Structures are given as structure tokens and as C-alpha cells.
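Construct the complete structure from the given sequences, taking the supplied hints into account.
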Amino acid sequence: MQTKFSPAQLADPHIETANGILRACVHCGFCTATCPSYVLLGDELDSPRGRIYLIKDMLENERPASAKLVKHVDRCLSCLSCMTTCPSGVHYMHLVDHARTRIAETYVRPWPERLLRALLAVVLPRPSLFRLALVGARLARPFKGLFPGRLKGLVAMAPASVPGPSALDRPQVFPAQGVPQRRVALLTGCAQRVLRPAINEATVRLLTRLGCEVVVAEGVGCCAALVHHMGREAETDAQVKANIAAFERVMEGGALDAIVVNASGCGTMVKDYGHVLRTEVAWAERARRVAALARDVSEVLVELDLGTLVTPDKPGIDGEPPVVAYHSACSLRHGQKITKEPKRLLADAGFEVREPAEAHLCCGSAGTYNLLQPELASALGARKADRLAATGAQVIATGNIGCLAQMTGAVGIPVVHTVELLDWAMGGPRPPELG
Amino acid sequence: MTETLRPETPEQLREAVAWATSADTPLEVAAAGTKRVFGRPCQTSHRLDLSGLAGVTDYEPAELVMGVGAATPLAEIEAALAANNQQLAFEPPDFGPLLGAAAGAGTIGGAIACNLAGPRRVKAGAARDHIIGFHAVSGRGEDFKSGGRVVKNVTGFDLSKLMAGSFGTLAVMADVNLKVMPAPERTRTVLVYGAEDGAAVKALAQALGSAFDVSGAAHLPAEVAAGSGVDYVAGAGRPVTAVRIEGTGASVEYRCQAIRENLAEFGDTEELHSSNSVTLWSEVAGAAYFTAEAETQVWRVSATPGAGPRLAAEVRAETGGRAYYDWGGGLVWLALPPRPDAAHEVVRGALAAAGGGHATLLRAAESVRAAFPVFEPQGEALKALSARIKDAFDPKRVLNPGRMYAGV
Amino acid sequence: MRMPEPDAAVLARRGDIIEQLRAIVPGEGVIVDEDELRAYECDGLTAYRQLPMVVVLPETTEQISRVLRYCHETGVKIVPRGAGTSLSGGALPVADAITLGLGKFKRILEIDYENRSAVVQPGVTNLAITEAVEHQGFYYAPDPSSQIACTIGGNVAENSGGVHSLKYGLTTNNVLGVEVVLMTGEVLRLGGKHLDSGGYDLLGVITGSEGLLGVITEVTVRILQKPETARAFLIGFPSNESAGDCVAAIIAAGIIPAGVEMMDKPAIHAVEDFVHAGYPRDVEALLIVELDGPEAEVADLIARVQAIAEETGAVTIRISQSEDERLVFWAGRKAAFPAVGRISPDYYCMDGTIPRRALATVLKRMAAMSSHYSLRVANVFHAGDGNLHPLVLYDANEPGELERAEAFGADILKLCVEVGGVLTGEHGVGVEKRDLMGVMFTEDDLKHQQRLKCAFDPDGLLNPGKVYPTLHRCAELGRLHVSGGQTRFPDLPRF
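Protein chains in written order, with the working numbering: chain A, 555 to 989; chain B, 251 to 658; chain C, 146 to 640.
Hints are supplied without guarantee of correctness; some may be wrong.
As the list claims (entries may be wrong) - Calculated cross-link-like contacts (lysine to any residue; reagent style SDA-like; alpha-carbon spacing at most 20 Å):
(1) C/Lys251 - C/Glu207
(2) C/Lys371 - B/Ala455
(3) B/Lys395 - C/Glu207
Stated by the list, open to error - Stretch-level coverage of chain A by chain C, calculated; a stretch enters the list once three of its residues show a Cβ under 8 Å from a Cβ in chain C:
(4) 555 to 561
(5) 572 to 583
(6) 587 to 597
(7) 629 to 642
No lab work stands behind these hints, which were simulated from the structure alone. Just so you know, these numbers come straight off a predicted model, no measurement behind them. Note that CB positions come from ideal geometry on N, CA and C, so glycine has one too.
See the structure below:
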């Protein structure tokens, strides 16, 4: 596609990157078809192609973000379905991330919006604050009618019970069982360990059982996806750098085979650290090294021999092997292009795996999207719930905490993390959600 | 007395129409004249006889394209194609005998003007789907062309579609380019005996909805089947449901077997080989069962396939007569005892109740065709649009005026 | 590209027009800000761009009818738009026109397996129809390469083809009925679940009319049961000529494959880089030949095609061994155009059809043109029906390259007509090929086509500036000019 940047504009590495992305786009429109917001709204402006156009216009003319542009970019879930569909290789993710930074820099949001975003940016990445907020929200539930706008949604989504902190959250090393085969670091995440500590626990049991030494590193916090997707560049850089430094300390303690991520939204982010810091000479190479180590837990598990460890008396619901609907998180499917591994692992572990129709379409969770765009998110959630229910499955497995939270309750079937089922099949506890 | 103009070149054709336009003289457009009684009668003092514009001019088997003069006899075209193992896939039916004319005399121009299609319509389309280009003279006395000589073409409006089924009311074609297809190596027909209309159409739906590439799907109630020239059909003494399978040898055998198994629940099955198949489907195409009883009024009703039997039952309850089905139930042939109004309200009422479609009074006395709509009456907007189209091509109303609708 | 001069009086009424539209279509359905309109300035053909006056996204047929009636009464032009994937600029906005988007018409209204049909809204994508019926083994046959995104309404407007059209036909052969809103706001239903309605075949005329005759608001399509098996060949050739010979020999043998596609070397490479379909990189031309039907038939045809391929000089032959593999073979072809975006920032896609026998000649002359214009060309064809898609590669950021690409493209299309072919096989004329219509048609040919337009839209308000290079006024077109009718010409045989 034709672009109109001046040489001076192109001297800015961010513009240069954006220009490269824009030029790859041939405006074929294939991306519109698989974009959840376009599927719902049918407006070019709410499609990737339309947003690319809006962004191009803003960047070329060095205009501050307009309210209209912000509206349409805000409606993007960053599910990256468009990147799977795009035959021309347009790196939409980097373009929209850049646009979000520009929005944060040049657009003043109305104050309730600013407040909400600041609140989320502060609370969600900090487990202790988040837990406190959830307890507060749970207490506030009877009064949710009193809360304005989207805070109401926030209060409503607080789980009925908030699990306490897990012993696993503390920095420590879990030794491998049997002969150590790998040394991995586990990104324990932020929101996930508050909402469902069982996921990290199951991950550690699985990995150690399969011969991995698992390090929960000192100083690793939120992956930064949260603030990154809100365009908060400074906070993003700070969190990313802190994590890189923390992982480097683990590497100093011995060869590290992988940084295991069991929330795919975080995985997509960590794998992109190299891009985030590409312009900072002191950090670029370090960021690339860390990013290259990041692996989704399913990628690591398929390389380990799961089969031998599956218990002879396979897990069952009412004595039958459970039918699992695999809900592929967008960050895994589109962000990391991991589609087969989790299904293979589940099948190997003795589950019958089904996939819903429209598996490529986002469930509406998308990080903080369900809080910031509740209407679109709940429309997508309902649509996904229908498709999942239609599979006739007894349990839904997914690889991302956001989807798990979004689907729990929306569909009348228990939703668990893939590793929880795998752990169960290998002798771990039956996920309590299954009753 | 009617005067006949018989142009022998496209230029003469243009001159003839131009004269008619300038002289305000309506023309009856015809070639072999085998379907002169199809449509509303038109009052003209002059006849434009196209039979001089005949002949296969440009046939390229490898390109699947044939160019012919508009009045080329279908028989000549089919012979030329057969020599190259090709065919007109839309299987133009011969209405000659049914309409009191000679058999085997029809021309390609007539088949296109009436947009005819035989039993293979369900698979291969109608005449409209096989004309890829033409030269014509419009009622303005001007030459024009549309389309081309390649099978895939969307350049400009698809006026070929407009010509097909326009009964010569817009323009007179001088020549046409046809899309032709390879002829099947083998043809067989699976017969199912004993199914009543409703069940039979369900059986046909099952066959057409299968992966077995059915190229004909007809049902003959017992009293119609009795009139067939095929022993297996005439001698059945029961209703006969027929499914045609065409293609390469092994494939045809396999699919016939599969269809027989598939339809066994509807009755005993039998299989017709080549020559019997050809006879049966040409009967079905040309309503041969209704030829003999020349006094009956014949309706050709295009409807939602599944609704065919109900429609026929409703009409016959009122009028008596006989019916059979082609196109998987979607083409209902009715031969009704003659009535001054051709029972047009009964037929069209039943059609409307069956979800709509198109009922054509194919055979009736001239006075009946003049007094009652031969073709499905149009709503106001459609009627006005049709008149505007007529205006666009034939503003003086010199070409087959009133043949389809009064004023068009 | 010259577009009709905007009507200053209409532009001056813009505020009022917006107000009227808002009264008909509530909420976000009326788009007026310049930065938002920008996203609608072109479709899949980016070479031509124009900001629309307003964009309106109605949600019901009734709203469309009201919008059209309003425009008809007040002389405002309308450009209908589906998914905006046209490669001929069919949905290119007009400065003083409303762009009417059908993006919100996304519902599948009815699936009727017994009558092998589906009724859908025009904004449903081509692929979504197949997806809705495939659990019962059915599919919708026409499959343009953009089928993931292009809508059925757009398919009807353009009479879209696809890779399987040789055997299964174009859109026009697979549509049973439409609901269409005329410029007057009148709503017509043409066809239905039955075949061949009488009267003028307006369904056939609307199909492929490129949005010039009416706005399609509902479509009834024919659905078919999927063949029992389908297998695809990848056949590599050392030259384009030998690949062309192979196609001719297959057809001559009486075989109509489900699809016959051809790609030349640059196209093969671009696609292989994206799809990794296992296309051979060292051949000059690649054929994808798909055969479908019952197992027994396909096995027989495979043997025959393989023999023909060997006789005509194939250097590599691969046959799909599984459904997944077959789909991978096709995935490359279907993504071919945008994949070219990986080897060139811009491309200009041609769509001429030629008689197959002229293939070698045309390719040779195209190669010569390529060096004349110093622009690369990647070729993707529907070889079975002679429909070429030369992709002229250019860089719009380089001054003069677009103009060179346009001239190159025009030369290719003139060549297609010269050898007995046509300007467009499936993409439509749009604005892109508009000014070349005179190469193929005489003034009288074009006038007759435009008279049809006049019957539908006498004021020329629907999708103006498309398809026809000069728009005659309908009053002028309607006038009768008869020549030579006074004397009774002596040489005409009469009786």
C-alpha cells in the first residue's frame, strides 16, 4: 500500500517500523472476515483494515489521535486473528501497539476512563492489591448498582470466593523428580495466581514430574502486557526490564532451557520483548535473549514424554473418559501460532477432544477488554459460550486465564486450564471445578 | 395475409427490423416455427423468418465453444457435437410434437428465446447458462453484441441472460456462441417402483442431495408411466420414480448401485441402460405423455421442489387431469381437461400456496391464451420495469409484441 | 482515473443529507467525519481512492429502501459496498455520493436441505455459507479466492467465479433468487427456491451488474452435496507452454476437472514463502488439477491425468494423499494475490480471459511487455477456463510506477481481446477496465447495455462512473435513430 512519510518522519525508528508494516498491506480485506469486532459490527472502521487506515492517516499527518480513532482502536481486542489470516504478512500487532502508545501520548481520555485505566494498570499487575480489590469487590457486590458504568462490571465479575495466596508464589526452586532433564523458569504471572493459583501448582507438579527443575524467580512480576495494551509505554518498559533482569539472574545460576509461561497472553508478550526494546541499545540484545527462551507450557510439554506418566486408571467423569472442548486462546492460536499441541496433549492423556465452531474467534476476554468494552466483550462471550456448549463437552480446557475467567459462568460447563487436566491424568488432584 | 421476410445475412436482418421499426410494422419472429403457439398470440401482418441464418460457423471443441447461426436446427448442432463426444448440457427439450409441430425441427434460437432446459437442468442449468455471447438486432434496428467466445466473462451487463427467455420481444439474434460440454461416456437410470408422489419427491430430494451427481430426477405417477415407450416403465403398473446417472463407466456403475441402496426404502429398484434411458428422458423433457391427448391444456409449473406434489394434488382435486414431475419435483407438468379459463386461478392459487414460482400455460387454444395470462402475472413494480426494458430495446413494439405480456 | 464531476449543489446539501440519513439509520450507522470516511476511500483496488461524501450502514431492507427512495427523490448518488474486496474498484466511492455498506447484513436466514438451497443476507461471506451447511455435507460451489472475506452480495453484483467455476459455474449459475431494492425504493423479489422464473431474466441481469441496477438485500443460493472425494495434483513443468499443452490435452480428453490452476515462477515463490504448501520452486509453471467425485471415478481420472501430464512433459507430479494436504495445495493458490504483497509493496491484478489455445502467445508477449515497462509480472491463472490473473508488480511510492503499471495492464487486456478473449473473466469492469470497454465493444453495443441501465436507474444515481466509459443521458439513449428503413430494400428475400 502506498504511504506518504517524509524522510524526516522515517528517521524515527517507530515510524520506520510502522511504514514497513503498512507497505506490506495490499488492502485485500481478508482480515475483516476473521476480526471479531467486524463480525459483530460490520463497519470497516472496526476491522483491522479500517484501523490500519486510521492509524496510517494519524501517523502520516502527525495528528494527535482523534476521539473516533481512539474509539475504533479501543474496540480492537488484539486477538491477532487478522495476523493468522493475513496472507501479506502485515504485522498488525506491532502497528496497533504503536498506535496505542500514540493514543496514550496525544489523547486525553475523559476522566472516568482515565481513572479506570489507571486503576487497572496499578491493581491488576500487583497480586496483593488485586486480591484485596477482589475481596473488596466481593463485599461490594450487593451494592453494585451504586457503582458507575464499567466499575459495575468489574464488581460483578469478582469471583464468589477469592483464593488465598499460594505457597508457590514465593521465589523458590522446585527440584526435578528423577533424573533432571531441563531447567526452566516459571512465569507465575499476576492476575492468574490470584484468580486460580491451582494453575501454577498443577504446572509445577507436571513439570517436575517430567524431569524439570522449576525456578520461580525473584523479581519477576507482571509480563507488562496489561500496561502495554493500554499504550503506557514507560510502565511497559520498566516492567519488561525488571523481568529481563530477573530472568538473567536465573540464567547466571545455570543454563536455562526455557521460560515457561502458562498464561498465553503473557507468553505472547514475553516472546515480543525483543521488539519492545529494539531501539534501546543497552537492552535490545538482552531482551531478544529472554524472548527467545519464552515457551508456552504446551510447547514444553509436547517435548517431554507425557505418555508414560498417564495413570493407568484414566480420569473419568461418572466412570467415562471426559469429553473436553478445547478453547484456543487467541494469544496462543494467533499470537503464538500454537494450535495443535494442547489438543494433542489432551488426547494423549486420554481425553476426547472437541473443538467448537468459530474456534478462531475471540471469546471477548482479551486482557482488560472485558472491563473496558463490556458490551462487545459480552456479545463475543455469549457467542463463544453457544459454540462451546454445542460441542456437548463436559469440561472446557483453555490455556489462558483471561478466557478462563470470561467463560466461567458464561457457559454452564466447568472451565479449567489445560495443565489442570493433564496433571489430573498424571495422578494429580481432580480439578475441584469438576465437582 | 401474412408477408414473410427472410433475411439471409445479419445485414439483411438489420435492414428488415429497421424497416419494421420505421414503418411501425410489428413482426412475428420465428425460425422453424415449432413453438409458434407457445406464449400469447400476437397480431402481426409480417413474419420475420430467420431460417436463413443457420449453420455451425465456428466450433472449437478444445475450447468448449461453438458459434452458430441463430436458426441452426438443434439436430444439426447435436450431430456436430456428437461427432466430438460433446453435447449441449442443458438438454434442450423438443416441444414440437406437444405443440402440434414436427419432431426434431426446433432451432437453437427458439430454445434460447424460450430459455428451455431438459431434465439435466438440475445439474447443468438452462439455456440461459449456456449462451456466452451473441449478435442481435434490437427493435431499434441496430446491431449489437454482448458476451464473447470464452466461457468465463463478466465484461459488461450479461445481456445473454436477457435474451434467454425473452421470446424474441427485445431483439432478434443473428448468431450465438454456446458453451458446450463433454458428453458422458455412459448413461443409466435407476427406477424406483411404487412410490406415491410425496414419497417419490422425497426420494428424489435424497438423490439430488447426495454426492452422486444426479443429472435427472423425475417421477411418473402410474397413469402417466403407462404411456411411456420404455417397457420397464410402461409395464410397471405402478408409479415410477427415475434418477439418471451419467459419467465414466466405473463411476456410473458405482453411483447407480449407491443410489439403489439409498432409495431402496422407497420401493423396488431397477436399472435402465443407455437406449432406454435416452427414450425415457426425452419423453420426460418433451412431455411426450401429454402429446396424444391434444385437447388437454398443458401447464408447466416451476415451483419449490418439495412443494410440487402438494401443488399438483391441489390442482387436480379441483380440475382432474394428470401430472408428472421433473427437476426433483420442481417442475410440475399438468395436463388438465380443457376449461375456458384454463383453470389459471386454480393453478396459480395452488402455486402461491406452495411458496410461489412460475406457472406457464404451455398448451391451450389461441383464444384461451389471448384471454388469460400465459406467464405468471407480475406485480406492479416488476411489470413497470419489464415495460421499461421493452422500451429500451424495442420502443416501437415491433418484435413479437404481446407475446409474453400485454404491452410488452 | 476520471470520475464524474461532483455536483456542487449536492455537496452543498451535505448537512441536510446527513440529517435525513440519520433519521433513517440511527446510531453509529451514518459516518461523516473525514478521518473515518478515509477508511472507505477504496476497496481491494488501492490504485484509485476517493473520499465518499457520507457512509451509511443500514441494518434492514426497509432502511435501504428508504435511503434509496430519498436519494431518488432528491438526486443523490449511491455506491453500494459489500466487504470491499473488489479488485476492479467496484466500490470506489464517488465524491458526491453516499457509500451504502451492507456490512451489517450478516445473517443466514434459512437453510433448506430438502430443496438444496440457503437464504442469506448479502453481507454473509461466501465461505460462511459453506461453513453453515458443511456439517450436513453440503457446500456452496463458487469459491472466489477471497471467499473468506468477500460477501455473497458482492459475489452476485460481480458474478464472481472462483477456482472451481469450470465444472460448477459462476455465481450466476448458482443463485436461485434475490431480493433487490431498486433506485426508486421499490423492493423486488426475483426467483426463489424454484428454477427459471418466466418474464425477462432479471435475476440473470442483476447478477454481474456491478451495483449499477439495484441493491441486493437477500440472496437464495443453490447448495450442493460435497463430492465423496476430491484430490489435487501439483504438476510442475519446465515451461509455461508445456503446462498449457497439458491443460488443453486434459480438456480434449473429455475431462472437466473440478479445478485447473496455473502459476508461473514468481507466483510460485511468493506463495510458497507464505503457505509452505510444498510447491516446487525450480519449475517454470505449476498446475494444480483437482479431480472430484466417487473414489472409483477419481482413481480413474487420476491415472488419465497423470498419463497426460507425463506426455506433455511434466517434471514433478505430486498428488494429495489426504484432505489436509489437498487443502494445503489450495491454500497457496487462494492466498496468491495477497502473498504477492510479500515480494512487492503493490500489485495491479488483471483478469482477462483468452481462448486457451492462445495461452503461449499471450505469455510470450506479456514477457516482452514486462521488459518494455520494466515491471515484474507474476502470473496466476484459472487455466481451465482461460482466465488470466497477471499481477503487475509495482511500488506506488516510486513516482511514475503506478502509471506504468496501468499502461502495462491495459496492454495486457488489449492483447486478451486481440486474441479473441475478453477484458474481465470474474473481477468485473469497475473503474479499472472501464475505459477499455471500447476495445471490446462498439458504441452501439455499449448503448444497448446502457439502455438496460436506464430501465432500472434513469437518473444514473447507482454506482456512477463504473463500467461504462461515457455515460449517455437516458433521454438521448431512448431516442430512436432508424436508418435505411424507408425503401423496401431489394435484396431481402420475401414471400
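Checked against the structure, which of the hints given earlier come out wrong?
-> 3
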